[in-house]
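Enquirer: Given next are the chains, with one letter for each unit.
Number of protein chains: 2
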Amino acid sequence: MKVFVLSALVAASLMAGTLQTDAKKAGLKPIPASVAALNKLTSNPKNPTTAAKVELGKMLYMDPRLSKSGLISCNSCHNVGLGGSDGMSSAVGHKWTLNPHGLSSPTVYNAVFYSQQFWDGRSPHLEDQAQGPIQAGPEMAAPKEHVTAVVNSIPQYVAMFQKAYGKDVKITFEKVADTIAVFERTLVTPSRYDDFLNGNKNALTTPEKKGLKTFIDKGCATCHNDIALGGTMQAFNVTGQYKHMNVGDFKGDKNGMVRVPTLRNITKTSPYFHNGQIATLGEAIKEMGRIQLGATLNDDETASIETFLKALDGRMPNITYPMFPTSNATTPKVDVN
Amino acid sequence: MKVFVLSALVAASLMAGTLQTDAKKAGLKPIPASVAALNKLTSNPKNPTTAAKVELGKMLYMDPRLSKSGLISCNSCHNVGLGGSDGMSSAVGHKWTLNPHGLSSPTVYNAVFYSQQFWDGRSPHLEDQAQGPIQAGPEMAAPKEHVTAVVNSIPQYVAMFQKAYGKDVKITFEKVADTIAVFERTLVTPSRYDDFLNGNKNALTTPEKKGLKTFIDKGCATCHNDIALGGTMQAFNVTGQYKHMNVGDFKGDKNGMVRVPTLRNITKTSPYFHNGQIATLGEAIKEMGRIQLGATLNDDETASIETFLKALDGRMPNITYPMFPTSNATTPKVDVN
Chain P
69 MKVFVLSALV AASLMAGTLQ TDAKKAGLKP IPASVAALNK LTSNPKNPTT AAKVELGKML
129 YMDPRLSKSG LISCNSCHNV GLGGSDGMSS AVGHKWTLNP HGLSSPTVYN AVFYSQQFWD
189 GRSPHLEDQA QGPIQAGPEM AAPKEHVTAV VNSIPQYVAM FQKAYGKDVK ITFEKVADTI
249 AVFERTLVTP SRYDDFLNGN KNALTTPEKK GLKTFIDKGC ATCHNDIALG GTMQAFNVTG
309 QYKHMNVGDF KGDKNGMVRV PTLRNITKTS PYFHNGQIAT LGEAIKEMGR IQLGATLNDD
369 ETASIETFLK ALDGRMPNIT YPMFPTSNAT TPKVDVN
Chain B
69 MKVFVLSALV AASLMAGTLQ TDAKKAGLKP IPASVAALNK LTSNPKNPTT AAKVELGKML
129 YMDPRLSKSG LISCNSCHNV GLGGSDGMSS AVGHKWTLNP HGLSSPTVYN AVFYSQQFWD
189 GRSPHLEDQA QGPIQAGPEM AAPKEHVTAV VNSIPQYVAM FQKAYGKDVK ITFEKVADTI
249 AVFERTLVTP SRYDDFLNGN KNALTTPEKK GLKTFIDKGC ATCHNDIALG GTMQAFNVTG
309 QYKHMNVGDF KGDKNGMVRV PTLRNITKTS PYFHNGQIAT LGEAIKEMGR IQLGATLNDD
369 ETASIETFLK ALDGRMPNIT YPMFPTSNAT TPKVDVN
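Those protein sequences? They're chains P and B, same order as listed.
With the first sequence counted from 1, adding 68 to any position gets you my numbering.
With the second sequence counted from 1, adding 68 to any position gets you my numbering.
Since the hints were derived computationally from the structure, they do not count as laboratory data.
These numbers come from a predicted model, not from an experiment.
Please note that the accuracy of each hint is not assured.
Which copy is meant is left open, because identical chains are indistinguishable; a pair holds if it fits in one copy or across any two.
Claimed, not checked - Straight-line alpha carbon distances no greater than 27 Å define the calculated DSSO-like cross-link-like pairs of lysine-lysine that follow:
{"id": "1", "residue 1": "K108", "residue 2": "K281"}
{"id": "2", "residue 1": "K93", "residue 2": "K354"}
{"id": "3", "residue 1": "K212", "residue 2": "K163"}
{"id": "4", "residue 1": "K231", "residue 2": "K378"}
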């Protein structure tokens, strides 16, 4: 009888309608199902998304010639085939330099939904963010002038910029970054979780619904909220109690806090945390419970949350490998030093 | 009158039928126009090409997790978007190591038509070749055991191998290399030059036909012959007269000779020669005339040959970027040291 009552209670709380309402109350939002709504949400009003810009942005994102060495592209660390990251605990850049701050590469997928970019949240959007790693010494190490010289030296790139922005376009470093951002804005991965929140009551299995409920009830959605289940706030005090986890000189934002990462495709982006110090999802969930919620999550609760998180694996975009336009005698020489 | 006679003579020698015969006599062969003939020519009888193997081979070719560091894939140096090479004079591998022999990365495109792989021609085919760079310390630096451990740790890779080779497949290092080779065997780029040799008399422009004639008449096809316009023999004595061009310790084959590279897509694979010491196609043509043919090619002849070589730019394959299967706790850790 007791078992029956408990089952009935659990079943009631897992009624799809109730759970969808609970999720909404907890600040969770789906990727819109309608293409028009999604485009409106992800397109930059100041630089609207067009097919010509996306194609060009994809090329620039994947072209290693934008780096000083000619060896590193945005895609090297934010590999669209590896969940938008690189599987490293610490990013590796120009001259095989480990990220001096001990930081791992955040995924590019669904980063368009973030209100703050970089682990310290210092950048407001992808257009601004894209300028950073290209120039950073331990990443692509390319001065602005190198990037614009490379792109302007290649007639097909110039033609593509003209097609995207009009004949009179001036190809500045900022224009290159803006165009990369247009491509990145298309990298969204709707999942069964979104189908569920968008009204398909059967899109999640019962264990996944249970996991979502546990996720909400335990308070995970306090930080991992909105569309990306992250990316909207800072949490996790790196300079305080959990200093021992740091491996570089990363101090977080002005309050010592780290930007909350997305949980979408989290199965694909180990190792976890800003410093890549946690290897498995189970460990990450327990550690977050302990650090952020002051709660000891038992094995069942952890497994339940993990089951839910796996349902966040999204439908990945179909990306055709770009055939880059050819360099010529006026293209700046690569420099590996 | 003189001009008229000369024009008439040139015109006669450029009669498509005559030129096609001349090309054939010079040992030049087209990529077959028929898909069946091409497949027969490029498929390995011991490991026939199938769609399942090609898809898996593409993933393995592009997966950086096969390297010790987790950062370098076959595609890093043989970038299918950069003409199958990397634009570097000397390849850069594990720990940012420049190729100790001062060698550049040969293109992967049309390498299936070579009878000898590597710059010293020491390897007979792609299956054998693919084993080299994965293990080489200054390239991907991965012991065989690392590669098999990575692949066997990922259930989706195991499933793909089973789909490609049957349930009882044993995923050895050699099997991984064989499968990469199956993908590479599909990387062929038919061009207007092939259309011409295959019977379309109008596939080349008159200047391109003139260039082909110059190419044959000057003797370029002596070494740059067969389907790849290269890849069948050794020439260019590195330890002899042109020692000054070497930058590493590369000594060539047992006779000090270097394998003749393909001229297909040559516009995309600068810098030129085994050591990447020549920046432009014009320089490369003149230098080859001087070194190999003992001839001084004047500017007109050089430009004419260059015009022909540009017609070797092929139709590139459409390659979908692979979404790699996810690593897990049993996947060997990356090691950047």
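Enquirer: Please work out whether the CA atoms of K93 and K354 approach to 27 Å or closer within one copy, between two copies, in both situations, or in neither?
Expert: Answer is within: at 24 Å inside a copy they meet the 27 Å cutoff, but 73 Å across does not.
Enquirer: Under a CA distance limit of 27 Å, which applies to K231 and K378: within one copy, between copies, both, or neither?
Expert: Between copies, since 25 Å is at most 27 Å while 41 Å is not.
Enquirer: My question is about K108 and K281: at a cut-off of 27 Å on alpha-carbon distance, are they close within one copy, between copies, both, or neither?
Expert: neither (30 Å within a copy, 57 Å between copies)
Enquirer: I want to check one pair: K212 and K163. Are their C-alpha atoms no more than 27 Å apart within a copy, between two copies, both, or neither?
Expert: both (19 Å within a copy, 26 Å between copies)
Hint violations for this structure: number 1 only, all remaining hints satisfied.
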